[in-house]
Structures are given as C-alpha cells and as structure tokens.
Amino acid sequence: MKRDRILMCGNEACGEGAVIAGCRFYAGYPITPQNELTAYMAKRMLELGGTFIQAESELAAINMVFGASVAGARAMTSSSSPGISLKQEGISYIAGCGLPAVIVNVMRGGPGLGNIAPSQADYFQATRGGGHGDYRTIVLAPASVQEVVELTRDAFGLADEYRMPVMVLSDGMLGQMMEPVDLVAANKAEVGKRSVEKPWALTGCKDREPNMIRSLLLKSGALEDWNNELQARYKTIEEKEVRYEALHEDESDLIIIGYGTCGRIAKSCVERARDEGLSVGMIRPITLWPFPKDIVRKAAEKAKAILVVEMSSGQMIEDVQLAIGERCKIEFYGRPGGAVPEEDVIFEKIRTLVSG
Amino acid sequence: MDKVFTRPNSLRDAETHYCAGCGHGIVHRLVAEVIDEMGLRERTIGIAPVGCAVLAYDYWNFDVTEAAHGRTPAVATGIKRVLPDRLVFTYQGDGDLAAIGTAETVHAANRGEDISIIFVNNGVYGMTGGQMAPTTLLEQKTATTPTGRDLKRDGAPLKISEMLAVLDGAVYIERTSVHSPAGVNKTKKAIERSFQTQMDKKGFSMVEIISPCPTYWGLTPRESLKWIEERIFKTYPLGVIKGK
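Residue numbers (this note's numbering), protein chains in the order written: chain U, 1 to 356; chain V, 1 to 244.
Don't take each hint at face value.
Pairs of lysine-lysine, BS3-like flavour, derived with a Cα cap of 27 Å [unchecked claim]:
{"hint": "1", "chain 1": "U", "residue 1": "Lys304", "chain 2": "U", "residue 2": "Lys293"}
{"hint": "2", "chain 1": "V", "residue 1": "Lys201", "chain 2": "U", "residue 2": "Lys206"}
{"hint": "3", "chain 1": "U", "residue 1": "Lys198", "chain 2": "U", "residue 2": "Lys267"}
{"hint": "4", "chain 1": "V", "residue 1": "Lys202", "chain 2": "V", "residue 2": "Lys234"}
{"hint": "5", "chain 1": "V", "residue 1": "Lys152", "chain 2": "V", "residue 2": "Lys141"}
{"hint": "6", "chain 1": "V", "residue 1": "Lys244", "chain 2": "U", "residue 2": "Lys206"}
{"hint": "7", "chain 1": "V", "residue 1": "Lys234", "chain 2": "V", "residue 2": "Lys159"}
{"hint": "8", "chain 1": "U", "residue 1": "Lys206", "chain 2": "V", "residue 2": "Lys152"}
{"hint": "9", "chain 1": "V", "residue 1": "Lys244", "chain 2": "V", "residue 2": "Lys3"}
{"hint": "10", "chain 1": "V", "residue 1": "Lys234", "chain 2": "V", "residue 2": "Lys141"}
{"hint": "11", "chain 1": "U", "residue 1": "Lys43", "chain 2": "V", "residue 2": "Lys186"}
{"hint": "12", "chain 1": "V", "residue 1": "Lys226", "chain 2": "U", "residue 2": "Lys43"}
{"hint": "13", "chain 1": "U", "residue 1": "Lys206", "chain 2": "U", "residue 2": "Lys188"}
{"hint": "14", "chain 1": "V", "residue 1": "Lys189", "chain 2": "V", "residue 2": "Lys159"}
{"hint": "15", "chain 1": "U", "residue 1": "Lys235", "chain 2": "U", "residue 2": "Lys298"}
Covered by chain U, per the in silico footprint, the following chain V stretches (three or more residues, Cβ under 8 Å) [unchecked claim]:
{"hint": "16", "stretch": "50-61"}
{"hint": "17", "stretch": "72-80"}
{"hint": "18", "stretch": "98-108"}
{"hint": "19", "stretch": "226-236"}
Worth flagging that the hints you see were computed from the coordinates, not collected in a lab. Note that the Cβ used here is the ideal one computed from N, Cα and C, for glycine as well.
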C-alpha cells in the first residue's frame, strides 16, 4: 500500500502548508525555535523557482513581504516571539494598506529574550493587533503537525480574501515535534488554495489607471472612513470564519478551554476523565481571533465551571471572561516562562473541580 | 508653432505641497521625464518614503506605494523579486535612507538588488520641522542642533554614497545636484543611467541628489543655491562615486 503519510516536524510542515497554498515568496531571519522553517523554505523555494531571502533583520523581512504582497504574490515570513515584536511595525502597515500576508509565530518564553522553550505568552499581542493602530489579524492556532500544514495553507486564502495579515500562532513544542503528516489530504483544495484576483496589485499600469497602495490618509475623514471599512470587514470575519474543536461541550459540568499545545493536553484529559465517568468537556479555539465566543457562551449556560489552561499567566482567559460574563465560574491553570503543563497535574485539577 | 515643453505623462497635473525653492519638485519631474523617455511608465513601480516626499504618489502618474520609514529598499526588494522585469525605484530622503533605514539601504546594495534609489539629500528632516539629519553639515543649525552640529556631540555628516561604493553589489553611484540648470541636466542623465543599469540587470544603483531646503536652512531660495555651492559641496563633492 502506498503511504501518503510522511514524518515532519511542525516547522517544516508549516513551510509545506505555505507551498501547497502557492506561496513562492518567503523572507525571514534566524531565531530559535523556528529555524527549521527558514531552512525548509530556503530549500523549497530553490526547488520551486520561488524567492527566498535571508533578510538583514525582522524589520526588513516583514517589509520584503509587504513589497511582495504589493506586487500581488502570496508571501510569508516567520519568526519567534522577540522577532515578532520587531515585525509589528510592518504588520501594522500591512493592515493599514489592506494587504494580504501570512506571518508565523513559533512562540517562545518571554518577556525580553526570555528562553527558547514553548510558550503561549504572545496571545495578547497576536489577537489585539500587536502593532499601533486599530486593526486585527486573523489568528490561527494549530494543535498538531497536520493542522500546522492545513492552517498555514488556509491562512493564505483568508489573507487574500479579506486583504489583511493572518498569523499562524504555533509554539516551540509544535514547531519541533515530529508527527506523521498526510500531504495528499492537505493538498485537497480548501480555502487556502482558492485563487483570488488582485486588480489592486502594483504591476505597472499597463491598460489601466495607476494603482496606489498606502496607509497615510491625511484628508479630513478619510482615515476614519477607512477604519470603519476595516471594522466592517472584521465583523464579517467574526460571523463567518470562527473555527474550534469541541467535545461534550453541551453536556458537561466542567469545560476545559485551551488552544494549540494546551488544547492537545486538554483533549487527553477529557478522554481520560470521560473514561472515569467524570462530566468533562472541552473547547479548543482554532481561530483565536475571531474568538469562538458563541460556543463558549453556550457551554457556560450548562457548565458549573470552566477551566482555562494556557502556557502563560493567563491571557486567553480574558476572552473567555468576555464571552461568558457571570454565567459560570472560571478556573485557571497556567505555566508561564516556557514551562509546559503536565497532563497529570491538569487531570488532578479536573478531578478536584468536578468532585468539589 | 511647435510645442517644445510640456508636462511629462508620468507626472500628474497636480499642485505639490512643497515649499518655495524646494528641490523635490524638480527631482519628481526629472524622474517622470526619464520614465517617459525610456517608455517605462506602464512597467514602473515607485516607492515613496516617509518624509517630505511621502505624498509623491499624488504627483506621479504610475503605480506607487509607500513604505514604513526607512524600510523602502526592503519593500523595493520584495516587489522587484516578484516582478523582475519592471522598473522598481525608491525615492528617499536623508533621514529615511541614511538614519532609520541604513541597514535596509546597505543590505539591498550588498545583495546587488536590481533596484534604483533616488536619494534626495537636503541635510535636514523637513516633514517633522527641520531637525538634524545624518547629512546635516557641521555647525549647521537645526531644530535639534540649536547651536550648530557639533562633531563631538553629534558626529560628522554621514557619507552614505561613499560607504555604499565599497560594496560589490553596488555598481553605479553618483552624486549630483539640482542647484543649477547644468546640475539639473546632469541629474537627469544620472537618473537615466541608474534606470538603464537596472533594466540591464546589472545590480544596485543610487543617485544622491543635493537639493535645497530654504525653509529649514533659514535662507531664501537664492541664498540656498549659493549655500549648496559654497558649503555643501565641500563635504559632499559631486561626481560618479562608483561605476566611472
């Protein structure tokens, strides 16, 4: 039997997801723990006749992506937390100019140089825009290597459709670990492979009026109008693009909410708890923005408590709080500073909460 | 009667926001004339900087985008790599190119990107109110050097063209000036050579253009031209710096 599944680490899988989506432009700068992605793109762009540039800085890399996007290409850059902070200037301009681009953050511990261990401490930065100005990025949070491929692929379609930056929020664990990946399945056409016409791109004004792409809008009222247009776009995204995985979320006393690596651990805990007859369900947000607030609110109607698990001191918990109000109590378990929660510890916490 | 002088097609019929005696208008026009004469208007993508020329896209009649402050050569790199047969040029001031964007400038040149940089050096930050630029002359008074630029405190005027000339990827660098009719003619020829260098895929090129800023030099337009000749040329001599 022909095997469709190959073993890949999350960072390489991310690169292949971009390739599947037709990305032929990548610019990046070395930083751990995302270096496998940069190396993978160097190799793949060479094979495919695309462009790979090792930029002089994160600032240059994101602005090269800006330029490639201006010219109509599907373009990507990647980094890890400290480097993503540097990219925020460019991300704001990409949002301000209404350009599509894909940015991958393989999160590590912070603040500052922090460490190189897996972390989820950039949730606020990712889901609140991150740079200056009133804007959003769609944030996709994979929990397996297969999902890294598929969400990176989809990121390009979403970016093109809504003309905005889309972030794939991975972490050092997902980036480094190896899992079997079904690339044949990932290649099946999805939102990421949908091609979008780009009449706005700057390609030279042959047979048309000149195009202009800029974020400076000095004319009285022009910037407010543009911001309102962006907000209308964001509202559509909140209505149409929410993604999550849920298990027993409508029938459980306790709901665990975690994304990415923590979502994966939460799932193991739920399966174990169910085996022991405990009334436990879970919701794993896949889009962190737009946050799956409706399903979380609905689950809170029935549940007695929600347990939020994060590799931070508690950031997504604020979105959970906003979604559920006073409907049920919220518990939190988090490990900041690059530490990964242990399944046994979370499971004990679940047992205490359910029986308590 | 024959029409001997007209607005280039690459220049819009628009009133610019530039001050009296400013050199930007002349350089905008020269860029437009060269693009028309080379027949490249429909294959050109320009990149406006942050600074006085930020609104250049309102004046040029071809595709133009605008970069974050100093990131202009990185944006040009991205565009040119995607569209290698187009004319891609950046238009940058001294703050954009030689202060906040020094790294982007140096590395685009070092990679030998097939782009052209039109570098307008007027020795001050105009847009923000006349602060010291990397190219401000010693003893020159600005909003942030009220007693004049001091070598010990502020460093010397940066000679970015000479710095770039040592890089293998930079094939043509020339410093010109728009302070006189002869200077304007030479500047136009230099812009043309830079664009031709790019279309021939020979590598990175840059034209540094000394340009008057009467407003923040505290001089009349006429005095500004004299100041260029008598003062600026001592620090920034004209001529081909790379690619003689």
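Taking the earlier hints as the rules, which of them does this structure contradict? 3, 4, 6, 8, 9, 11, 12, 13 and 19
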